[in-house]
Amino acid sequence: MSNRISHVLVLMTFFVLTACNSTGGTRNEYIAKDAKAADINMRLGLNYMQRGDYKIALEKLEKALKQNPNLPSAHNTIALLYQRLGENDKAEKHFEIAVKQEPDYSEAQNNYGVFLCQQGRYDEAEKRFLKALENPLYSSAAFAYENAGLCTEKGGATQRAEGYFRKALQMVPTLPKSLLQMASISYQQQNYLQARAYIQRFQKAANWTPQALLLGIKTETKLADKNAVSSYKLILRSRFPDSDEMRIVNQGLVE
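Each residue of the sequence shown is one higher than the one before, counting from 1 in UniProt numbering.
Treat the hints with care, as some may be off.
Ranges between beta-carbon positions, derived for each pair [to be verified]:
#: 1; residue 1: 103; residue 2: 251; range: 20 to 26 Å
#: 2; residue 1: 248; residue 2: 90; range: 29 to 35 Å
#: 3; residue 1: 231; residue 2: 89; range: 47 to 53 Å
#: 4; residue 1: 87; residue 2: 190; range: 26 to 32 Å
#: 5; residue 1: 204; residue 2: 137; range: 27 to 33 Å
Simulated from the structure, these hints should not be mistaken for lab results. Glycine included, every Cβ here is placed at the ideal spot set by N, Cα and C.
Modelling step: build the complete structure from the supplied sequences, incorporating the hints.
Spelled out as structure tokens, the structure:
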């Protein structure tokens, strides 16, 4: 399975879930008369969706499904398109078809999980991420673990989320969102030295965000490192002067 669209999904407030939008393939026994044409139109639809031309993308994907109704990658891709268009009922319908037709289609399982998490259906979403991980050949397993962590944490299951983040980082030690969330969890657990270590790893793996800088300020405040606090504040002020995080610092609301 190949041709990944993008890493994003959305999560939620201060997270972003990772949608591994690979189109994948199909191993269904049914072969449509126009199977080759359907695959071509699916890929054209994918390309138009990437470019933001949703109208033509929808036309191509609908044509692909007429040519081959049993093409899981077309159902997955049109589901992603409907998700972008805010047509959630249609999106869920096509995600369901994709994973029913090919249960080990990990990209579709992961994308469906992202969709469900956006709807606040955290337990259902977690099951989809775990289903994606059942496939030992899934090349984006780290992102499914990360998504599971982001979603379960949003659902209030911080301990399970921590386990998922750790597994994600075991596979890809430089995942920015997992590093930042582990820093946040460590801070909440009052393990400030560990929080500092995760923030430092985040700094090496990604560009600064206002959220990461604020967490750095809070962590170094607890550790009484005034130089580090001043350094983080300077970066926050110079790069994100209008951010909510800068307002929090200016109002002296850092704990």
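Here is how each hint holds up against the structure:
1. Distance hint check: the CB atoms of residue 103 and residue 251 are about 51 Å apart, inconsistent with the given range 20 to 26 Å.
2. For the pair residue 248 and residue 90, the supplied restraint of 29 to 35 Å is violated, since their beta-carbon distance comes to about 40 Å.
3. Roughly 49 Å separates the CB atoms of residue 231 and residue 89, a value that falls within the hinted 47 to 53 Å.
4. Under the hint 26 to 32 Å, the C-beta atoms of residue 87 and residue 190, about 45 Å apart, miss the expected range.
5. Between residue 204 and residue 137 the C-beta distance comes to about 30 Å, which sits within the given range of 27 to 33 Å.
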